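Chains A and B, in that order, give the protein sequences. Residue numbering for the first sequence follows my numbering, starting at 219 and increasing by one per position. Residue numbering for the second sequence follows my numbering, starting at 12 and increasing by one per position.
Just so you know, these hints were derived from the structure itself, not from any lab. Quick caveat, the model's predicted, so the values are computed rather than measured.
Okay, the calculated beta carbon distance ranges per label pair: (1) Gly411(A) to Phe41(B): 44 to 50 Å; (2) Ala476(A) to Phe379(B): 55 to 61 Å; (3) Asn372(A) to Arg420(B): 35 to 41 Å.
Below are the EDC-like pairs computed for lysine to aspartate or glutamate, each with C-alpha atoms no more than 20 Å apart in a straight line: (4) Lys556(A) to Glu145(B); (5) Lys84(B) to Asp324(A); (6) Lys316(B) to Asp334(B); (7) Lys270(B) to Glu329(B); (8) Lys481(A) to Glu410(A); (9) Lys291(B) to Glu329(B).
For each residue, glycine too, the CB sits at the ideal point set by N, CA and C.
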Amino acid sequence: MGTLWFWIVAVMLTAYVVLDGFDLGVGAVYLFVARTEEERGQALRAIGPVWDGNEVWLLAAGGTLFFAFPLLYASAFSGFYLPLMMVLWLLVLRGISIELRSHSADPLWRTFFDGLFALASILLTIFFGAALANVIRGVPIGPDNYFFLPLWTNFRTGASPGILDWYTILGALMALAGLALHGCLYLALKTEGHLEHRALSTALRLWPVVIVLTCLGIPATILARPASLAYYTHHPAAFLAPLGVIAGLALMRPGLPARSRFKSFLGSCLYLTSMMVGACLGLFPVLLPAVGTTGHDLTIASAISGPHTLHVGLVWWSFGMLLALMYFSIVYWLFRGKVSQHAEGYGH
Amino acid sequence: MITSTPGKHHQNGAKHPMDALTLHRIHFGFTITYHYLFPQLTMGLALLIVVLKTLALKTGDEKYDVSARFWAKIFAINFVLGVVTGIPMEFQFGTNWSEFSRRTGGVIGMPLAMEGIFSFFLESAFLGLFLFGEHRLSRRMHWLSAFLVFCGSWFSGFFIIVTNAWMQHPVSYTVNAQGVYEVASFWALLFNPWAILEYAHNMCAAVVTASFVMSAVGALYLLQRRPGDYGRIFLKLGVVAGVISCILQIFPTGDLHGKYMAKHQPAATAAMEGLFHSTKGAPIAIMGQPDYETQTIDNPIAVNKVLSFLIYGTTSAEVTGLDHFPRDQWPSALPLLFYAYHIMAGLGTYFAALMAVAGFLLWRGKLFTARWLLWPILLSWPLPYIATTAGWMTAEIGRQPWLVYGLIRTSAGSSTHVSAGNSLFTLLGFLGLYSLLSILWIILVYTHIQSGPNATHHTEVTLA
Numbered sequence: 219m220g221t222l223w224f225w226i227v228a229v230m231l232t233a234y235v236v237l238d239g240f241d242l243g244v245g246a247v248y249l250f251v252a253r254t255e256e257e258r259g260q261a262l263r264a265i266g267p268v269w270d271g272n273e274v275w276l277l278a279a280g281g282t283l284f285f286a287f288p289l290l291y292a293s294a295f296s297g298f299y300l301p302l303m304m305v306l307w308l309l310v311l312r313g314i315s316i317e318l319r320s321h322s323a324d325p326l327w328r329t330f331f332d333g334l335f336a337l338a339s340i341l342l343t344i345f346f347g348a349a350l351a352n353v354i355r356g357v358p359i360g361p362d363n364y365f366f367l368p369l370w371t372n373f374r375t376g377a378s379p380g381i382l383d384w385y386t387i388l389g390a391l392m393a394l395a396g397l398a399l400h401g402c403l404y405l406a407l408k409t410e411g412h413l414e415h416r417a418l419s420t421a422l423r424l425w426p427v428v429i430v431l432t433c434l435g436i437p438a439t440i441l442a443r444p445a446s447l448a449y450y451t452h453h454p455a456a457f458l459a460p461l462g463v464i465a466g467l468a469l470m471r472p473g474l475p476a477r478s479r480f481k482s483f484l485g486s487c488l489y490l491t492s493m494m495v496g497a498c499l500g501l502f503p504v505l506l507p508a509v510g511t512t513g514h515d516l517t518i519a520s521a522i523s524g525p526h527t528l529h530v531g532l533v534w535w536s537f538g539m540l541l542a543l544m545y546f547s548i549v550y551w552l553f554r555g556k557v558s559q560h561a562e563g564y565g566h
Numbered sequence: 012m013i014t015s016t017p018g019k020h021h022q023n024g025a026k027h028p029m030d031a032l033t034l035h036r037i038h039f040g041f042t043i044t045y046h047y048l049f050p051q052l053t054m055g056l057a058l059l060i061v062v063l064k065t066l067a068l069k070t071g072d073e074k075y076d077v078s079a080r081f082w083a084k085i086f087a088i089n090f091v092l093g094v095v096t097g098i099p100m101e102f103q104f105g106t107n108w109s110e111f112s113r114r115t116g117g118v119i120g121m122p123l124a125m126e127g128i129f130s131f132f133l134e135s136a137f138l139g140l141f142l143f144g145e146h147r148l149s150r151r152m153h154w155l156s157a158f159l160v161f162c163g164s165w166f167s168g169f170f171i172i173v174t175n176a177w178m179q180h181p182v183s184y185t186v187n188a189q190g191v192y193e194v195a196s197f198w199a200l201l202f203n204p205w206a207i208l209e210y211a212h213n214m215c216a217a218v219v220t221a222s223f224v225m226s227a228v229g230a231l232y233l234l235q236r237r238p239g240d241y242g243r244i245f246l247k248l249g250v251v252a253g254v255i256s257c258i259l260q261i262f263p264t265g266d267l268h269g270k271y272m273a274k275h276q277p278a279a280t281a282a283m284e285g286l287f288h289s290t291k292g293a294p295i296a297i298m299g300q301p302d303y304e305t306q307t308i309d310n311p312i313a314v315n316k317v318l319s320f321l322i323y324g325t326t327s328a329e330v331t332g333l334d335h336f337p338r339d340q341w342p343s344a345l346p347l348l349f350y351a352y353h354i355m356a357g358l359g360t361y362f363a364a365l366m367a368v369a370g371f372l373l374w375r376g377k378l379f380t381a382r383w384l385l386w387p388i389l390l391s392w393p394l395p396y397i398a399t400t401a402g403w404m405t406a407e408i409g410r411q412p413w414l415v416y417g418l419i420r421t422s423a424g425s426s427t428h429v430s431a432g433n434s435l436f437t438l439l440g441f442l443g444l445y446s447l448l449s450i451l452w453i454i455l456v457y458t459h460i461q462s463g464p465n466a467t468h469h470t471e472v473t474l475a
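Next comes chain B alone, as it looks inside the complex (with noise of 0.2 Å):
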């Protein structure tokens, strides 16, 4: 137990900044953090795996199959860390969230469980078939063990997200007298408008962060002179996917959200953009630094009625400031969420730009000898894990302070009998445990892709 003495935390009723409650918090924040950096990659990857399975059915050629082999070993990994660290995440709810769990269970336990039954199932069985059974199946069949594994993944992140989009946007419930909550219609559930754009949003940004991965293989490669096609192979695929990926992500998926999310949540928009007061023909604020006492944001640079064309489609319309609402309806985190957002639309742009000047260069025919453009390519590879974990941190911290938007606090949520000891104590453990899994991804991704694709080739070659 932490003993504090009743010193200045305590005074004006402030709570222990390091009470079970921040603790819980921290601890699941943490861990779905670090989890998520491997399936956004996995997900976007499996996709581009299919593609090149498809490529090498289609044109017989073997290069498309070895580079298949290359990215399902990288897959391979990601995957392992994905699932073991995914593992954590549903029993946390039980264990972290137990009021949480005990009241929402009718309703969010119902798509865990289907993530579990209906895609872990499938990619587990069909994962297996991939890498094991290149030479036990006919070509067609290694094929669609790719796109079965490719539908579970995928499968996998709608279910999550039809649990959070519930969170952030309460659909078709009942609640009874002890504030149990049930599902009143499992189509509603399933097919909630803020999923919907929630998965299309996320899902875009998940090929984002693969074609970039793929990109900066192929753009070393082409940077160290490698012998071989294989620079040019990734560099193209993740070119031309990145720039849809990009595209997308902007424009519909991302813009719809954002105007979803406007008119469901608008005192998080109100919070995201900085916006203290309501205004018409309100300003966006790219840059600044939020000031929570005087509301106001310090060293801005703001472009005159955007925001209100960005929601409303009109330059003239009244965007709600934070001054609309109570106090203790803000987002508790305001200038981390200020930060979050802007990194991450910061970042989309920047995305959009490298890859529409890669994409022309590519149709150009002169983008694999563009050294100047290569160095960008392989140096933003760790920008979308970063922009994905922004946009995760934007809806989250912009829910607070619900757990489930204005139905469930989130203070009302956390295990009432696991104490800030306890909660320390694994919050601790899972920092050292997932210490040891980065090093060990960063070993045995970087030695992989420094062997390269001809290495498994060759392999294949002398036992043969």
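For reference, chain A alone in the conformation it holds in the complex (with noise of 0.2 Å):
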């Protein structure tokens, strides 16, 4: 029961990254791919329909995080005080530049929300992978189960790290350069015109950036956290994940023809989803890591909730799983294709 919801969290959490990822990703390349208002409107609505419900999968997983798992939502959370902090202003700052700037024609006013757009989808991939970086390297845990991190102490890994340090550094960077990727890969399937040259460019040239971070990163985490190839030196089989990273990569080379657009988003989506399986892997059965000596691993049996809870969770979470994926199916059918350059504002 305890394998099954670590990994219900973990396709919570995956979905989180690959949908509300791509929105993110466009955010991070906004301003540097979408010059004009007419582009800058083109590249919202691309996103507007979905951004809201791809941003739920967090609140999700989230919740089911909270019941499932509650000492490690209690630790964690108390633990990563101020970077959560940190991201929640992101997520508020974000989703108003999202959905205000297109409430007043006024050129400064959308200026400023396209600026705290990027500026705060930047920001907030950066803090994703800097804290998915700081799950897999471990955190000081006390006798009591709980920590506190600071922002940062000596930027090197150890036994009193910080929420940043060289390692969680280059996560930060894997994160933005794939997303951005991600991004720019949706925006070229989705958009035309100047917008989907644009973008289709700039993911030419972020592919071997992502690459070439891909390759520093899986070396890095056994150097920060050596017991993550515990795993998979036990389970060969759990070297699909790394293999499900290259063939990701292989795919999404990004071509000039249109009909190769799909093909390299899907092959953009199976790379973060590899990742995020291969860093699960890495963890399971551990939920996180301790580092130090005085406390312990959380683990899916110490933090595990009560049976009856789990197996109730079970029945409604099943149904509510099959609601969403309607839901989803329909959304993105009812927008499917491109978003044309010449609409009438953003929605409405």
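Dock chain one against chain two, each of which comes alone in its own frame, and use the hints as you go.
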């Protein structure tokens, strides 16, 4: 049961990374690839109907984590207090910048929200990458299962790390590059005209950067937490995840013909999914590794809720997920195809 | 870190006024109070938009579609502010209240996760269709998307109320040796009687807020003598919804909720009413200033025997006073609780009176020209926000000193490793950020109301 819920949360977080990932990525390259008012409107219309639903995956995953692994929720959220609060502020700023920009035609008003949208998106990808890297590297959990992590210490991994060290900064850069590429491929798929071409040429330049960072990231992970390899050495089938990473990178190679756009975007989805699965396999069955000598890893066994809660949860979770998949299919189906260049305003 | 000299604050073991626990409480209290300014409007407005879309479908009158489009824009502004200020709420359980989360996550985590999965997915998917899809969908499908947005937002309210109701009136749980709580019966948690009463009372309040806002915009247009029918449409729908919701707000929802609370949280009821001593035929204090030291109400305006009647249906029943309970079980912010409750109840009475007069004039066909009444209708729109906030303060301050009533004290729930300095840092951050949101809200809602429904109508025409 615990293993099942580990993977349920992992799947929900992966869905968040793949789905909200592309609209975060669009934000990260927004100022650069969308230059005119028309192009910016087009870029926003490409994510407008879906970004809010994509972000719900984060909330749904958070809620599921809360009831399935209350101890992890309590320990990790209070331990990552400051960066989490900053993530919340950035989510607030990003949400209002997408939605409120269109409510006035004043160029200054729009420029302000354009800048805010791009900045908040870039910082969010950086924070999310660093957060994931923190979980992989481990934190100094105390004997009471709690910790409190400073933003930085000496930038080294070890017994008393900070949120930012060389490894988590690498994770942040990987997330920024990976999601920016993901966003570019989405824009190349969904838009037309200059925006489409600029997104494509940016993707072509980002692609090798992502490959280099990925090649650095995997050995760095083993260096930062050698135990990450444990599951892989005992279960060779786990190496399918890194294979998926390579396949994703190969598949997404941004090509010029229009028919390859969807293939590239799928390749990017495969890449992000495999990276997430690979990271989860490196952790399993640990949820949050401890560094230093004071405390123990938080594991599935130590953090899991009671059996009745989990049984009942499984029933409504399955039902709810079916409904959610149905909604997502309807929305993505209705907004299929390219977003035209010359539509009136953003929505409404 | 705040370093404090051992001065007068620490005499008699009194806590520093800015200790971590107090700051965590202000942190949650401020962010949730601010957050709830938006959903109370959007939940009520979602219902009124469905009514407008239904009228459009039934009559085929384009004006109702234009009205729905106008209110959808106001809805969208408030919705996004509700969403972005709501995300911090779920996370704050873990960040600032980690002990509470660790011990009760197996119970309250469930409705919170269900809110995400059953309401937010629904709401976000169909709000996109509702706002972006009017030209892509058939009229019936567009109505359906409005209806599903309404369902999503009302489900969302339900799951939050279930969470709060368990804290107010914990039912159906088991607890292990480490003090960790689990759900004993899923359905008993979901249909906690407290949750049903609280939900009915709260959703009525949301409709009150929305109908006052809609009536106020209608009254504004009529007072401005704007051409077109929209002033009349908004005022009519606002007043009809207002009359119904204001009555339901008092009876039966408020009445039943109050009686249930008197039964299960007698100390909170005694403090709300300012009843220090158990009394047979207890009077109701309509106004006054409770004095914690002397245990009396200063300058009271009281009506004899009414409190006994309201709670027990008979004028002679004995109502338990605060003297019945040990001091460490008295709600800690007693005067604030007294005022919050009285502000809520007083405003609720005023709303019912105002709407009754407006409803009468509407029936007689005189409302649209009764400028003397349009003024108070216009000026009253902020009051439901105050009443609703005061109502929630009554519920939450009344629950003190408990975080989960009778089971976990508030002082045992906060994050032990998050210091006062860190909590204050992020509290100030939220204060600054939410000030920005308030300014944007005022600018956007004001300009949208000033430009009016015809503006949206005209752009549509010129583009066509």
